[in-house]
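Undergrad: Each chain, written out:
Protein chains: 2
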Amino acid sequence: MHASQIAEDYPSVTKDSDALAAAKLLAEHRLPGIVVTDGDRVPRAVLPASQVVRFLVPGYVQDDPSLAGVLSESVADRVADALRGKTVGELLPKSTSKPVMPVVRADDTVIEVAALMARCRCPLVAVVDGTQMVGVITASRLLQVALAAT
Amino acid sequence: MHASQIAEDYPSVTKDSDALAAAKLLAEHRLPGIVVTDGDRVPRAVLPASQVVRFLVPGYVQDDPSLAGVLSESVADRVADALRGKTVGELLPKSTSKPVMPVVRADDTVIEVAALMARCRCPLVAVVDGTQMVGVITASRLLQVALAAT
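Line order of the protein sequences matches chains A and B.
Under our numbering, think of the first position of the first sequence as 3, with each following residue one higher.
Under our numbering, think of the first position of the second sequence as 3, with each following residue one higher.
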């Protein structure tokens, strides 16, 4: 069983992709994060779902969390409007250190994927063939594969 | 829309639960982590899926990652055997600091859940009614709900 056989295929996003479309991919595929590639499908960063959630929260609530409770439900139910018109690049964490982009090769074994995931404590790795991404493997997907044999 | 309406219900685990059964829940529900409760269903800790993956990797491979590549595929395909006979408590990260257990109330709004998730950068929160857990909300589930209105 190789990484390419475990990998799940779904459309990749780039920094210029629509933020709302990226959020929909996370929601539909129930992913803990999504891989951001450059124009050549080379994986460059992971955008965690919890980071996208951050943009659902109005700035004044981030400054004063107690305000969250007094917002009307109709406002609370329209939070996704905040993602409209933004790009994926605008959602990425502003980090001073270069983000770690965990990558496995298409022919890596389950153990090799597990070893990388354990080392980086990451919930998601990109699978590359050469330099191009061919899919992703989440920690829960890896468990699914490992447990199928039990 | 309240937290209790968004929450997803699935069997909880305790420190004494079977590690293999907990891994199966993570795999089946495609969760980034699972909440560990005490005997009274009070949420106490989150066990991340990437932490469970760590136990799929033999100790000698953790010590020398280059050995992962030389393991035969038949061994690599039987990694789940390592979880047999262990408890959830044995899988939990050994941390000196008390783990953060993110919790929202059943009547919290989408904005309140999002605000907590954004603050703790956590992919999963427990929903409690009083002190007892009634379900969990993942970041991707929250996005699913927020985007349903778009």
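Hints are computed from structural coordinates only; laboratory data are not their basis.
Predicted model, so just to flag it, every value in this text is computed and none were measured.
Certain hints may be false.
Copies of the same chain look alike in the list, so a pair counts if it works inside one copy or between any two.
What the hints assert, rightly or not - Keeping only pairs whose Cα atoms sit at most 25 Å apart, straight-line, the calculated SDA-like set for lysine to any residue is:
1) K26 <-> M3
2) K17 <-> G41
3) K26 <-> G132
4) K96 <-> A150
5) K17 <-> T89
6) K88 <-> R107
7) K96 <-> R123
8) K26 <-> Q146
9) K26 <-> L149
10) K96 <-> M3
11) K17 <-> Q146
12) K26 <-> S68
13) K96 <-> L73
14) K88 <-> T133
15) K17 <-> M3
16) K26 <-> D66
17) K17 <-> G71
Undergrad: With 25 Å as the alpha-carbon cut-off, assign the pair K26 and Q146 to within, between, both or neither.
TA: both (23 Å within a copy, 7 Å between copies)
Undergrad: Are the CA atoms of K88 and R107 at most 25 Å apart within a copy, between copies, both, or neither?
TA: Close neither inside one copy (32 Å) nor across copies (31 Å); limit 25 Å.
Undergrad: Measure nothing new, just compare the shortest in-copy and cross-copy C-alpha distances for K17 and T89 to 25 Å and report within, between, both or neither.
TA: Cα proximity of K17 and T89: one copy only (7 Å, versus 42 Å across).
Undergrad: Cα distance capped at 25 Å. Does K96 pair with R123 within a copy, between copies, both, or neither?
TA: both (20 Å within a copy, 14 Å between copies)
Undergrad: Classify it for me, K26 with S68: is the Cα-Cα distance of at most 25 Å met within a copy, between copies, both or neither?
TA: neither (28 Å within a copy, 38 Å between copies)
Undergrad: One pair to classify: K26 and M3, alpha carbons no more than 25 Å apart. Within, between, both, or neither?
TA: Between. Shortest inter-copy distance 19 Å satisfies the 25 Å Cα cut-off; intra-copy 30 Å does not.
Undergrad: First find the shortest C-alpha distance between K96 and M3 inside one copy, then the shortest across copies, and answer within, between, both or neither for a cut-off of 25 Å.
TA: Answer is neither: 37 Å inside a copy and 31 Å across each miss the 25 Å cutoff.
Undergrad: Can you give me the call for K26 and L149, within, between, both or neither, at a CA distance of at most 25 Å?
TA: Answer is between: at 7 Å across copies they meet the 25 Å cutoff, but 29 Å inside does not.
Undergrad: If the cut is 25 Å between Cα atoms, do K17 and M3 qualify within a copy, between copies, both or neither?
TA: Neither. Shortest intra-copy (32 Å) and inter-copy (32 Å) distances fail the 25 Å Cα cut-off.
Undergrad: Evaluate K17 and Q146 at a C-alpha cut-off of 25 Å and name the case that applies: within, between, both or neither.
TA: For K17 and Q146, only the inter-copy Cα distance (21 Å) is at most 25 Å; the intra-copy one is 30 Å.
Undergrad: Tell me, please, which holds for K26 and D66 at an alpha-carbon limit of 25 Å: within, between, both or neither?
TA: Cα proximity of K26 and D66: none, with 28 Å in one copy and 39 Å across.
Undergrad: As a check of your reading, is K96 near L73 (CA-CA no more than 25 Å) within one copy, between copies, both or neither?
TA: This pair counts as neither: shortest intra-copy Cα distance 28 Å, inter-copy 39 Å.
In this structure, the earlier hints numbered 3, 4, 6, 10, 12, 13, 14, 15, 16, 17 are contradicted, and the remaining ones agree with it.
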